[in-house]
Each structure stands twice: as structure tokens, then as C-alpha cells.
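All chains should be built: construct the whole structure from the sequences, respecting the hints.
Those sequence lines, one after another, are chains A and B.
The working numbering puts the first residue of the first sequence at 1, with every later residue one more than the last.
The working numbering puts the first residue of the second sequence at 322, with every later residue one more than the last.
Keep in mind the hints are simulated off the structure, nothing from the lab.
Just so you know, these numbers come straight off a predicted model, no measurement behind them.
Where a beta carbon is used, it is the ideal one built from N, C-alpha and C, also for glycine.
Wrong hints could be hidden among the right ones.
[What the hints assert, rightly or not] Heads up, incomplete: computed chain B residues facing chain A, CB under 10 Å, no partners named:
1) D434
2) G438
3) G443
4) L448
5) M450
6) L452
7) L454
8) V463
9) G475
10) T476
[To be verified] Covered by chain B, according to a simulated footprint, are these stretches of chain A (three or more residues, beta-carbon under 8 Å):
11) 55-62
12) 75-83
13) 97-108
[Stated by the list, open to error] Below, in silico cross-link-like pairs of lysine to any residue (SDA-like), each with a Cα-Cα straight-line distance of 20 Å or less:
14) B:K429 to A:Y103
15) B:K429 to A:R98
16) B:K429 to B:K488
17) B:K488 to A:D38
18) B:K488 to A:D54
19) B:K379 to B:D426
20) B:K488 to A:I61
21) B:K379 to B:Y405
22) A:K310 to A:E221
23) B:K429 to A:G77
24) B:K488 to A:G60
25) B:K543 to B:N553
26) A:K189 to A:P163
27) B:K379 to A:P104
28) B:K488 to A:P53
29) A:K319 to A:A268
30) B:K429 to A:N140
31) A:K50 to B:H487
32) B:K429 to A:S99
33) A:K314 to A:G302
34) A:K11 to A:G173
35) B:K429 to A:A139
36) A:K213 to A:K310
37) B:K379 to A:I79
38) B:K488 to A:E221
39) B:K379 to A:G77
40) B:K488 to A:N58
Below are the chains, spelled out letter by letter.
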Amino acid sequence: MAGLSMADIEKMSARDAFGLALSEIGAENVNVVLLGADAIGSTRAAGFAKRFPDRTFNFGIAEQEMISAAAGFAACGKIPVATAYGFLISLRACEQVRSDICYPNLNVKLMSTHTGLTMAEAGTTHHSTEDIAIMRSFANMTIVAPSDSVETVKAVRAVIDYPGPVYLRMGRGETESVNRGDYEFVIGKAITLREGTAVTIIACGIMVAEALKAAAKLSSEGVSARVINMHTIKPLDVEAVLRAARETGAIVTAEEHTVIGGLGEAVAGVVCENSPVPVVKVGLNDCYGIIGPEDMVKQRLGLDAESIFKAAKKAILHKVD
Amino acid sequence: MKLTVSELECKARELRLDSIEMIAQAGGGHLGGSLSAMDIMTALYFNVMRIDPEHPMKADRDRFILSAGHKAAGYVPVLAARGYFSRDLLPTFNKLDSRFGMHPDMHKIPGCDASTGSLGHGLPVGLGMALALRLDGFDSKVFVLLGDGELHEGTNWEAAMGAAQHKTSSLVAIVDYNKCSMDGPIDQVVSLEPLVDKWKSFGWETIRIDGNDMAQVLGALKEAADRGNRGNPVVIVADTVKGKGAAFAEGDYRWHYGCPSEDQLAEARTALGGE
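Now the structure itself:
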């Protein structure tokens, strides 16, 4: 990819990886158009904008207009890639996403950056901790949250090729690499990163890295934990979830998002209906993010490996025989 | 199909009655706005727009967005009369499994280019369409019919700025300025004035007409194409009468939504049926 090695991409942020992939896709597919809202630079789509200025449209700080316009582009056969911070797409332009894109099932790609608490020091207005819940509630919507920068490159390609509305969720900073080797990324197909028998940790986005750390700590105590990278939150890989329930008997979910309406409730819903086992959710416990350095904020709010470790112990304790 | 002014007037009269009949049999509908905008929609579909009902999805067709989606009770009869589907379907309005109800769905109504209903969405959607069509090298126009009350929504003004910035000269907005919103005369709710100056200050070419005078409507829609050659988007501010053609409803904001009585229906049939 543009003379870059896998190791180069591993060191990138997810949004940089997105920008890189988008620029390459732009050369391959003339129907792809970029829509921005005065954040083309910070969403890292500038590479595409520079290479394809005729296919780049900046709407200024007007996300609602941009999202509606994306519907118009899609209705005329284009593949609009609309870029903005997560809270702006999911909250500011919520009704446009629902009524202009999801209801008519238009082929719009919503590329959401700075999600979760990855812009922690910017404060609550800039935190994107409800977006999964909002997007999950819309029929026709697909939600993808890649776990690292290499996976983001694969995810961007898959999302562009996937018919219908997609919300792609990316953080701001550099990611820890969690996926090994070259693997096939399929929307809706979860990846088991670590086998285990006593409990399964199902995580998405940058919480996958925390899940792996928690699993290593559990292992050091003799507890065998499976780790699933649930990069697609909707449609959920129900088969992988139910296999985890049946084979390990306890589940922990981890997401950089409120525990209300996100990955955790999606997993719990499926488990409750089909194969009831304890499900313990790690995420924001019905509260807003706070200001501070990202890692310290996450630690304070329980969005780290330690919290997942404790949640796993709790889930195992609550197992029913 | 290009009807003359007098033929368009006749067609609009027939379509007003279709709309009233449809609303009456459904037990209610958005009568006021459907009738105020009828001359504009009739001129577009029976003279101005480059469309082919035999091939409704042609890539280079002109687009129409009913941003004030509640005027579907006027729009649906226009599409039926233009041949997109049978007029026999009109009595299904609002019924279970109907192709159409109060607000139009692009996937259910042949000839409908955008699903609308929530206000303030049509202009930015139309902007996206105009930009996409231009990118493909088509000279297609995108007509967006806006309600006046709808202009309270800020997204219209986001799109107004965006369209001017992007020199979207193929975008034509038409304001059905019937001076009423749901709660009352619009000047008593939140006034839009000075409306033409607002659009001008946003960088738009403006044309103001009597939107219930067919000769003026047709003239303005054609002029919009010429004005667009200056590189700017064009707005037609069309002064209209809410409920136009139904004497019992004309100018009365309370007819935003309603159902005509038997007597009112008979009165409309006499006035519009030409019998």
C-alpha cells in the first residue's frame, strides 16, 4: 500500500489508516466521493481530497446538510463517504442519518472518527459514547468498529464494497495491534483472537487490545479466557456469541461506549433469548466522560484491562451449572 | 409532453379535484398545502421537467423533491396523471399496504425521487443530487419544492450556503409561500420576511411570482434555467393561497390538515369539475 509496510500501518492511528485506504480506493473506484464538514484534515481524508479534488465536497461546519447531501449523492449512484467526528454524525445529524439514509436504505458510508473517549481532554461535548446505541436502533444500518489500524484498512475496503448504509467507528490516536498476520476481514464475521474455555471476552474497537491484556492476566491465574474481536456490531455474529455462551458459559463484553444500547446489550439480548449465561458489561455505566489524558480517563471510568479482568471473575462466579 | 398554459390550467383544476376527492375518501389529509402548490407541480410535470414515465429511473432525468412531504396528497395525483401509475390507485391513499400516504416514499411510488416528510431535508438532499449529476456530466435540473413554514428549519440555510458555495446552478428551489404554517398565519408564528432578500444575501438568484398564476409559474420555471446560467442556484418565491381552488379552505391556516364535508366536496366538484 503506497510503499508502506504492514509495520508502518501498525504504527498509525485508525483515522490515518482510513485516509490511506480511502485514497487508494479513490483511484480504483470513480464513484467514490468524499464529503466533509470542515474536518477533512482531522478525519484524515485529506489524501483523497488532494488526489481527487473534483470528487471532494466540503460543506463547512454543517453536518446535517452534509448527511442529507450524502443521501442525494447516493440516490444518483455515487458512493458518498461522509466524514465527521462521531458525536456529530450520531447526535447532530441523527435524524438525517435515520430518515434520509437508513429509511430509504441508501448506499452512504458514514466514516466516524474521534469516537469513544479518544478525544478525552476535549470534554463531554466531543465524546462519542452513545453512537453505537443510536446507530443500532436504525433498521438497514450496519456498524463496524475495527480494533486496530491494520484492520481499519481492511474494514474501509469492506465497507465501500458493502451495499447499504454503514457506520464505521474509528478513534483518534494510535492503536495497539491486535490482529496477527494476514487474515480475511468479513463484515458480520467475528474473529476469535484467543481460544479459551472458562469465559469469553467479546470486545470491539480499541477495547479488543484491553481484552487481550485481561485474558493474559486471567491466564496467569490459570483462567482460560477466549477473546473475540467483534468488529461488526450490527449485524452481530450471533453464531460466534452463542458458541461462546455454550462452550465457555460466561461472557464479558467491552466497549468504549455507554453500556446502554451498545455491544454489551446486543450480546446480552442474543444470549438471553437463546442460551442464557452470565453476561457482564464493561463500558460507561450510564455516565458521561470526563476531561483528562485519555488513558487516565479510561482507567478512572473502568474502560481498561483491569476492569475486564474483574468483570471476567464476576461472570465466572455467576455461572450456573 | 408539454401542455400549453391553458391546458396546464385545466389539468391543475382536474388535479385539485383528484386531491380533494382522495383526501375526502381517506378521511383527511394535508389539503391546504397540496392545493397551494398544485399549479407549480402541474407545470413541472406537464411541461418543464425532462422525464419519461415509461423509464422513470433514467440517469439523466430531471429530479423533483417534495421537501414539504406532507403535500403528497397533491403530488400523488400529479404522478398518476402523468402516467407513472394508474389513477385507480388513488383511493388506496393512507390505506394499509398502499404505495402512498401522507408523506412520499421513493421506493414505493414510481416517479418519486426522494423519501420526504420531515421538514428541512429536501434542499440539502437536492444539493447532493445536483452535485452528483454535475459530476456525471448531466445537465439535469433538480427542483425542490419547499413549504414556507419549513424554512424555519436551519438546515435549509445550511444548504442555501452550500449550494451558493458550490455554484450549484442546476438546483432550483421553489417556495410555496402560502403564508400559513400549522399554528397560524406565518407572520404570527415566526415571520420569514424579508424572504427574497434572505435568499439574495445567501447568494441565490431570485424570482418572485404569483404561484397560482399558471403563465407566471411556467415563465418562472423556464427563467430559472436561464438564470442558472449565471452559475448560481435559483429560488422562485411563489406567492400562493393555501387551499387554492377550494373556496371553503382558501387562505385559512386551519386547512393545513382536514377533511372536507359532503357539502364542501360537492362545492369543490361543482367548482373544479367544470360540470
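Results of checking the hints against the structure:
1. For D434 of chain B, the interface hint holds, since its Cβ comes within 10 Å of a Cβ in chain A; the closest pair sits about 7 Å apart.
2. A distance limit of 10 Å between C-beta atoms decides the matter here; for G438 of chain B the minimum to chain A is near 7 Å, and the interface restraint holds.
3. For G443 of chain B, the interface hint holds, since its Cβ comes within 10 Å of a Cβ in chain A; the closest pair sits about 8 Å apart.
4. Hint status for L448 of chain B: holds, given a least beta-carbon distance of 5 Å to chain A, under 10 Å.
5. Interface restraint check: M450 of chain B against chain A, minimum CB-CB distance 4 Å, threshold 10 Å, status holds.
6. Taken as an interface hint, L452 of chain B checks out: its beta carbon lies about 6 Å from the nearest beta carbon of chain A, inside 10 Å.
7. The criterion of a C-beta within 10 Å of any C-beta in chain A is met by L454 of chain B, whose closest approach is roughly 6 Å, and the hint holds.
8. For the restraint placing V463 of chain B at the interface with chain A, the shortest Cβ-Cβ distance is roughly 8 Å, inside the 10 Å limit, so the hint holds.
9. At its closest, the beta carbon of G475 of chain B sits 8 Å from a beta carbon of chain A; the interface hint therefore holds under the 10 Å criterion.
10. Annotation: T476 of chain B was flagged as interfacial toward chain A, and the flag holds, the nearest CB pair being 5 Å apart, inside 10 Å.
11. Under the rule that three or more residues need a Cβ within less than 8 Å of chain B, the assignment of the stretch 55-62 of chain A holds, with 5 such residues.
12. Proximity of the stretch 75-83 of chain A to chain B, defined as three or more residues with a beta carbon under 8 Å from a beta carbon of that chain, is established by the 5 residues found.
13. Coverage of the stretch 97-108 of chain A by chain B holds in this model, with 5 residues showing a Cβ closer than 8 Å to a Cβ of that chain against a need of three.
14. The straight-line distance between the Cα atoms of K429 of chain B and Y103 of chain A is roughly 12 Å, inside the 20 Å bound, and the hint therefore holds.
15. Among the hinted pairs, K429 of chain B with R98 of chain A is consistent with the structure: their alpha-carbon atoms are about 18 Å apart, no more than 20 Å.
16. For the given pair, K429 of chain B sits about 32 Å from K488 of chain B by alpha-carbon distance, which is inconsistent with the 20 Å threshold.
17. With a CA separation close to 18 Å, the supplied pair K488 of chain B and D38 of chain A stays within the 20 Å bound.
18. The suggested pairing of K488 of chain B with D54 of chain A holds, with an alpha-carbon distance near 13 Å, which does not exceed 20 Å.
19. Between K379 of chain B and D426 of chain B the CA atoms are separated by roughly 18 Å; this keeps the pair inside 20 Å, and the hint holds.
20. For the given pair, K488 of chain B sits about 18 Å from I61 of chain A by alpha-carbon distance, which is consistent with the 20 Å threshold.
21. A C-alpha spacing of about 13 Å is found between K379 of chain B and Y405 of chain B, which places the hinted pair at or below 20 Å, so the restraint holds.
22. Taking the CA atoms of K310 of chain A and E221 of chain A, the gap is about 12 Å. The hint holds against a cut of 20 Å.
23. For the proposed pair K429 of chain B and G77 of chain A, the alpha carbon gap of about 18 Å is at most 20 Å, so the pair holds.
24. The straight-line distance between the Cα atoms of K488 of chain B and G60 of chain A is roughly 15 Å, inside the 20 Å bound, and the hint therefore holds.
25. Of the pairs offered as hints, the one joining K543 of chain B and N553 of chain B holds, with about 15 Å between alpha carbons and a cut-off of 20 Å not exceeded.
26. Using a Cα cut-off of 20 Å, the hinted pair K189 of chain A and P163 of chain A holds, with the two alpha carbons roughly 16 Å apart.
27. Straight-line distance between C-alpha atoms of K379 of chain B and P104 of chain A comes to about 19 Å, which keeps the hinted pair within the 20 Å bound.
28. With a C-alpha separation of about 15 Å, the suggested pair K488 of chain B and P53 of chain A falls inside the 20 Å cut-off, and the hint holds.
29. The straight-line distance between the Cα atoms of K319 of chain A and A268 of chain A is roughly 14 Å, inside the 20 Å bound, and the hint therefore holds.
30. For the hint pairing K429 of chain B with N140 of chain A, the CA-to-CA distance comes to about 17 Å; that is within 20 Å, so the pair holds.
31. With a CA separation close to 17 Å, the supplied pair K50 of chain A and H487 of chain B stays within the 20 Å bound.
32. Distance restraint check for K429 of chain B and S99 of chain A: the Cα-Cα separation of roughly 15 Å lies within the 20 Å cut-off, and the hinted pair is therefore satisfied.
33. The straight-line distance between the Cα atoms of K314 of chain A and G302 of chain A is roughly 15 Å, inside the 20 Å bound, and the hint therefore holds.
34. Only pairs whose Cα atoms come within 20 Å are accepted, and K11 of chain A paired with G173 of chain A is accepted, the gap being roughly 10 Å.
35. Straight-line distance between C-alpha atoms of K429 of chain B and A139 of chain A comes to about 17 Å, which keeps the hinted pair within the 20 Å bound.
36. The hinted pair formed by K213 of chain A and K310 of chain A meets the criterion: a straight-line CA distance of about 12 Å does not exceed 20 Å.
37. The hinted pair formed by K379 of chain B and I79 of chain A meets the criterion: a straight-line CA distance of about 18 Å does not exceed 20 Å.
38. Restraint check: the Cα-Cα separation between K488 of chain B and E221 of chain A comes to about 66 Å, which exceeds 20 Å; the hinted pair is violated.
39. Proposed proximity of K379 of chain B and G77 of chain A is supported: the alpha carbons are some 12 Å apart, at most 20 Å.
40. Simply put, K488 of chain B and N58 of chain A have alpha-carbon atoms about 13 Å apart, close enough for the 20 Å limit, and the pair holds.
Violated hints, listed in ascending order, are 16, 38; each of the other numbered hints is respected by the structure.
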